[in-house]
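Chain residues, written in single-letter form:
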Amino acid sequence: SQKIEQNSEALNIQEGKTATLTCNYTNYSPAYLQWYRQDPGRGPVFLLLIRENEKEKRKERLKVTFDTTLKQSLFHITASQPADSATYLCALDPGDSSYKLIFGSGTRLLVRP
Amino acid sequence: GAVVSQHPSWVICKSGTSVKIECRSLDFQATTMFWYRQFPKQSLMLMATSNEGSKATYEQGVEKDKFLINHASLTLSTLTVTSAHPEDSSFYICSARVHRAIQTYEQYFGPGTRLTVT
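Sequences listed follow chains A and B, in order.
So the number in my numbering is just where the residue sits in the first sequence, counting from 1, plus 93.
So the number in my numbering is just where the residue sits in the second sequence, counting from 1, plus 942.
Some hints could be false.
[Claimed, not checked] Lysine-lysine pairs mimicking DSSO-like chemistry, simulated, CA-CA at most 30 angstroms apart: (1) A/Lys193 - B/Lys1008; (2) A/Lys110 - B/Lys983; (3) A/Lys152 - A/Lys193; (4) B/Lys997 - A/Lys193; (5) B/Lys983 - A/Lys156; (6) B/Lys962 - A/Lys193.
These are calculated hints, taken from the structure and not from any lab test.
Predicted, not measured: the structure shown is a model, and the values here were computed from it.
Modelling step: build the complete structure from the supplied sequences, incorporating the hints.
Here is the structure:
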């Protein structure tokens, strides 16, 4: 079956450290993958998109990698701050021309001051 | 840029009544809008895809007669939950798509509408 999985356990880190979140998928061949931030009671906010032919994408303190062999994307936040505390969702386009986004269940990040 | 608004942000209604939720793209035109539902601590589940001027495409298991979607213009889509029941209580989020390049797009989400059916 097709699945997109994120660690359901919260990631708890100290301010200033690098947070690394994982997104694994099976039985998809996505053309690209996206990462979103969601705060409680709010809609997701788009952060980054990475294409299948891109190994890495950066935006300020954010970095995303995409390994189509491992079927995995890693999302890094460097020099993390308490304000980065939120749930981070990965989403992929299945690459079946449906142009639908399929979401993982998200990983909650807690950055301690 | 790329702001999506939703109204209302929350609504409480009685069982059996209907509720309409509006979704607007404020600073861009969206040919495609999406409606999602999210239960607590769960992922966003796509309910339907809405294209301007045409009928919405519903995901499997979503009752089209219960969740009426109208995409009347390039900036407005509405979701009407008809004859609402307590199990319809959820967080409804709309989204609008912006194409940046060939086969590449970004998707922007509204702030969500919390529906509680009593």
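Name the hints, by number, that the structure is in violation of.
none
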